[in-house]
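Protein sequence lines, in the order shown, are assigned to chains A and B.
Under the numbering used here, the letters of the first sequence match residues 1 to 546, in that order.
Under the numbering used here, the letters of the second sequence match residues 547 to 1092, in that order.
Just so you know, the hints here were simulated from the structure itself, not pulled from any lab data.
Since the structure is predicted, the reported quantities are computational estimates derived from the model, not experimental observations.
Every residue gets a Cβ at the ideal spot worked out from N, C-alpha and C, and that includes glycine.
Be aware that one or more of the hints could be misleading.
Said to hold, decoys possible - Straight-line distance between alpha carbons at most 16 Å, and here's what the computed EDC-like set of lysine to aspartate or glutamate pairs gives:
| # | chain 1 | residue 1 | chain 2 | residue 2 |
| --- | --- | --- | --- | --- |
| 1 | A | K17 | A | E39 |
| 2 | B | K563 | A | E425 |
| 3 | A | K17 | B | D927 |
| 4 | B | K563 | A | D422 |
| 5 | A | K17 | B | E915 |
| 6 | A | K17 | B | D717 |
| 7 | A | K438 | A | D473 |
| 8 | B | K563 | A | E369 |
| 9 | B | K563 | A | D381 |
Unchecked claim - Coverage of chain B stretches by chain A, computed from C-beta distances (three or more under 8 Å per stretch; other residues unrestricted):
| # | region |
| --- | --- |
| 10 | 863-873 |
| 11 | 888-898 |
| 12 | 905-915 |
| 13 | 940-954 |
Protein chains: 2
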Amino acid sequence: MQRTPLLMSRLIDRGAKVAPEAEIVTATAAGTRRQTYRETCQRAHQLAHALRDAGIGVGDRVGTFMWNGSRHLEAYHATAGMGAVLHTLNLRLSARDLEYIINHGGDRLIIADADVLPLLGKLAGRIPGVEKVVVAMEDGYEDWSTSLPNAVDYEDFIADRPLTFEWPEIDEHSALGLCYTSGTTGDPKGVEYEHRAQYLHTMAICMADVMALSATDAICGIVPMFHAMGWGIPWSALMLGCKQVMPHRFTDPARLLRLIADEGVTMSAGVPTIWQGVRAVLEARPGEYDLSRLSRVTCGGSAPPPSMIRWYWDTLGVEMIQGWGLTETSPLATVSRRVMQYAHGELSIDEQFKNVAKAGQLIPGLELEIVDEAFRPLAHDGESTGEILIRGPWVCSEYYRNPQPERFRDGWLITGDVGRIDAGEYLVISDRSKDLVKSGGEWISSLDLENHLAALDGVAQACVVAQPHPKWDERPVALIVRAENVDIGSEQVVAHCATRFARWQLPDDVLFVDSIPLTSTGKMDKKAVRARLEAEGYRLPELRQG
Amino acid sequence: MQRTPLLMSRLIDRGAKVAPEAEIVTATAAGTRRQTYRETCQRAHQLAHALRDAGIGVGDRVGTFMWNGSRHLEAYHATAGMGAVLHTLNLRLSARDLEYIINHGGDRLIIADADVLPLLGKLAGRIPGVEKVVVAMEDGYEDWSTSLPNAVDYEDFIADRPLTFEWPEIDEHSALGLCYTSGTTGDPKGVEYEHRAQYLHTMAICMADVMALSATDAICGIVPMFHAMGWGIPWSALMLGCKQVMPHRFTDPARLLRLIADEGVTMSAGVPTIWQGVRAVLEARPGEYDLSRLSRVTCGGSAPPPSMIRWYWDTLGVEMIQGWGLTETSPLATVSRRVMQYAHGELSIDEQFKNVAKAGQLIPGLELEIVDEAFRPLAHDGESTGEILIRGPWVCSEYYRNPQPERFRDGWLITGDVGRIDAGEYLVISDRSKDLVKSGGEWISSLDLENHLAALDGVAQACVVAQPHPKWDERPVALIVRAENVDIGSEQVVAHCATRFARWQLPDDVLFVDSIPLTSTGKMDKKAVRARLEAEGYRLPELRQG
Chain A
1 MQRTPLLMSR LIDRGAKVAP EAEIVTATAA GTRRQTYRET CQRAHQLAHA
51 LRDAGIGVGD RVGTFMWNGS RHLEAYHATA GMGAVLHTLN LRLSARDLEY
101 IINHGGDRLI IADADVLPLL GKLAGRIPGV EKVVVAMEDG YEDWSTSLPN
151 AVDYEDFIAD RPLTFEWPEI DEHSALGLCY TSGTTGDPKG VEYEHRAQYL
201 HTMAICMADV MALSATDAIC GIVPMFHAMG WGIPWSALML GCKQVMPHRF
251 TDPARLLRLI ADEGVTMSAG VPTIWQGVRA VLEARPGEYD LSRLSRVTCG
301 GSAPPPSMIR WYWDTLGVEM IQGWGLTETS PLATVSRRVM QYAHGELSID
351 EQFKNVAKAG QLIPGLELEI VDEAFRPLAH DGESTGEILI RGPWVCSEYY
401 RNPQPERFRD GWLITGDVGR IDAGEYLVIS DRSKDLVKSG GEWISSLDLE
451 NHLAALDGVA QACVVAQPHP KWDERPVALI VRAENVDIGS EQVVAHCATR
501 FARWQLPDDV LFVDSIPLTS TGKMDKKAVR ARLEAEGYRL PELRQG
Chain B
547 MQRTPLLMSR LIDRGAKVAP EAEIVTATAA GTRRQTYRET CQRAHQLAHA
597 LRDAGIGVGD RVGTFMWNGS RHLEAYHATA GMGAVLHTLN LRLSARDLEY
647 IINHGGDRLI IADADVLPLL GKLAGRIPGV EKVVVAMEDG YEDWSTSLPN
697 AVDYEDFIAD RPLTFEWPEI DEHSALGLCY TSGTTGDPKG VEYEHRAQYL
747 HTMAICMADV MALSATDAIC GIVPMFHAMG WGIPWSALML GCKQVMPHRF
797 TDPARLLRLI ADEGVTMSAG VPTIWQGVRA VLEARPGEYD LSRLSRVTCG
847 GSAPPPSMIR WYWDTLGVEM IQGWGLTETS PLATVSRRVM QYAHGELSID
897 EQFKNVAKAG QLIPGLELEI VDEAFRPLAH DGESTGEILI RGPWVCSEYY
947 RNPQPERFRD GWLITGDVGR IDAGEYLVIS DRSKDLVKSG GEWISSLDLE
997 NHLAALDGVA QACVVAQPHP KWDERPVALI VRAENVDIGS EQVVAHCATR
1047 FARWQLPDDV LFVDSIPLTS TGKMDKKAVR ARLEAEGYRL PELRQG
């Protein structure tokens, strides 16, 4: 067989070849901005020329500080083709973390959206390796300015460059991208993506049993392109030539729904908090949005409550595909579909949704194990619970310039998630290992409690965290955001938990709050919740008299 | 990222893990024989033990002389896992060719179905490298015997072996399989398949825009598993755990239809002659078969007439997916779906079927060119016609122990097919280069004429071949198999051609025949047609008076 390296440059130009007129739609203040795949491909090749002329070569790091939009896609395309390394900077990081990852990653040039330029500008003088900043301007930001060095407008940067760049043939294990995990403890840790791994991932998510991405789709990736390669959607879309609809900074649920309806989106992807917000708008304004073309949404980042998955199916006929993965797994590792086997066609709808509530089955090519504290493999019986290990061709083997060998063992990644695997090889996530409530030598899953609480009428959002207890070690406390105009009390919340959980698993306290803090990747930030409770001098009820 | 070799052993056990109870159904004289994926996987591991105990190691060649059935699947599974090389022997080869490929391939052991054992037995004494023959017995063949050395019953061979074999870690470029092309000229040429290439192909054909193979399918692969890895279906099925329905030797259309209906088959795959036969039975016996679960059939090996593709859609609602590829391309290279882009949803059904009539768009990862005689690339304008070149990670780079460098150029395979590529990057096959009719310096596509003739009422099958002409070099002659109880004449056939083709492209003669000879892979054997005409002293009409 021919020795063809698995380079992203072999895939990314394909969409423009097979579907040159397919559209890439970017939301703007006034509406949308549209360009074809042919134009996008030519502009990406022009960007590659401009980057090369700016001194960027194979292996050099190019940062992006951008929303999901056509120019971010061009940056993906250009850097992958030319062999540079795309370092996607999370727009929601603190200035301190941002400074750390730009310097640690070694970014030589940053492409930034004009509206977030001020955030980046705070780092002026603190990111000495950055030689140039390229500013992607949208309507309303014509007058951008910055104290960062050598700032140039994106359009000026690529103007008049040749429309074709001869992509170099490099080693398939070469670096393609860099993404830092949101890092709930210590400094952010970088995951370096490689061509071969992402090539395989790009094919895998197009498989019928994974996301089934197709050229016939109009895909709206809401998950930011600065999260783990946007779950791989930008790459697959470039390869397929499917219509893409990109929300840019306009991610409030009503605006998203308008975009999805107007552009005939067939498939979307985002974290559970997005879909909770979208649901709330749909419930408040029934019939306002025509979602008849929408067939499926992928939900990951954290586990969606089963009641929400069911709501999307029953109300909209939309299949919510649950996926599980980590920045470290490129990122998709397992996926759960409503019908995953020929025999599932005969299951009742309720039984089908029991499977959908699980994190899913492993994508072909990956391997999964659960182990006890001594790293002994546990049975796949749906009961035995342990640390989840994973390995395979798109799983990372160390962190970038910070190997952290304790996170790896015998070629496996120790995921930091705790779960069980049932006889059907479905993975069920119990919790992040650091979010488990350890009570009296037993584990209580904060996730199970949250999912159960999310199904209670009147609960908009639920968050369960551990609080210290002198006898039991830890006890669970529930924080509840009430739905609008609904008044429920602690007794109802605890009584609802008691319909499913044992007495010792019930929350010791229920706190009603206005909101739950989120991490930079849109997950509930339990570290922040615990820190706030500590700062407030919170104590469990039975300890207050002391 | 982890350095995980792309070995088939990482994929083939997955089906039994995720769907242990899914069924593998094999047709038998009395009905069907059924086993689960769990059993199949265990039996494959047992077979690997038995093969190892018989002296088969990594890289050793194991021949199979078998129909599509569960034991053939076990042979795929076992050899791939243990690193042996599966040499699939075509049951329809002449004894001479069979002897050649067994000896040339270096087979050390052959697994044969009992019913075809006599065919293999003819080679007794002429295949000295074969140390053992393992006989897979089905009902009615309990009393098999053979003069071949060391024959043993398959069940005795694997009995009492351990249920788990530790698959070795080998280089991903290691040989996986061996398949000889049917070879219309000279000795058959062997294509050696490798793990990495077939791993990628296995993933690719599961992509939504390719065959969309899914664990929710019940797949009936009619294409023999001795043709180019059965188009990759056995591998994908093992990986997915989908239900498999295997016709064994019972491939007459009525029996196939009974099997497809009874087993709720959702997807099938075979050459055009199979689907023509199936169509004839369906037309003769309307309403007899419940095909409500069948959603798509893949058709390849040679180009299906567009009228047949349309018939399956209009009559059954079944999408016929046209695929193009060669033994040398592992085999799938292009694929044509009814709707291949978001914008195609707005095309009329007639326009959609114009695309379906083409060989299709390239599967991601492959590259295609058409070139003139001097190997200069031709425009992708839908007009320029030339030799088709292809390259990519599952395209072969030489023939096994017979490199044939003239079939390769600058890393490209010269396919031997002639065609054009349109602005939508659809490949349209004009002909096999050796089947083109070269008339007066122009080319006439025998395929275009055949497709047009196949749409004429009363024509069951049409075959166009070149015949020598002193002035024009070659002129086309049409051979027609009439549909049952229909009487059409030469004038109607030529008049039908004249509705689309220019005068100089019309056949000079129409011959009505009872059947068209087929090659060992089920294609019309034009070499045999031409040889028969020559043996009969055939001359074109205008040359007969001389």
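Structure-based check of each hint:
Between K17(A) and E39(A) the CA atoms are separated by roughly 11 Å; this keeps the pair inside 16 Å, and the hint holds. For the proposed pair K563(B) and E425(A), the alpha carbon gap of about 6 Å is at most 16 Å, so the pair holds. Our distance criterion of 16 Å between C-alpha atoms is met by K17(A) and D927(B), whose separation comes to about 13 Å. Taking the CA atoms of K563(B) and D422(A), the gap is near 11 Å; set against the 16 Å cutoff, the hint holds.
About 13 Å separates the Cα atoms of K17(A) and E915(B), which keeps this hinted pair within 16 Å; it holds. Pair hint K17(A) plus D717(B) does not hold up; C-alpha atoms about 34 Å apart against a cutoff of 16 Å. The straight-line distance between the Cα atoms of K438(A) and D473(A) is roughly 7 Å, inside the 16 Å bound, and the hint therefore holds. Our distance criterion of 16 Å between C-alpha atoms is met by K563(B) and E369(A), whose separation comes to about 13 Å.
Taking the CA atoms of K563(B) and D381(A), the gap is near 13 Å; set against the 16 Å cutoff, the hint holds. Using a Cβ-Cβ cut-off of 8 Å, 0 residues of the region 863-873 of chain B lie near chain A, which falls short of the minimum of three, so the contact claim is violated. Coverage of a stretch by a chain is defined here by at least three residues with a beta carbon nearer than 8 Å to that chain's beta carbons; for the region 888-898 of chain B and chain A the count is 4, and the condition holds. Beta-carbon proximity to chain A at under 8 Å applies to 5 residues in the region 905-915 of chain B; the threshold of 3 is reached and the given coverage holds.
With 4 residues having a beta carbon nearer than 8 Å to a beta carbon of chain A, the region 940-954 of chain B meets the requirement of three or more and the stated coverage holds.
Checked against the numbered hints listed earlier, the structure breaks hints 6, 10; every other hint is satisfied.
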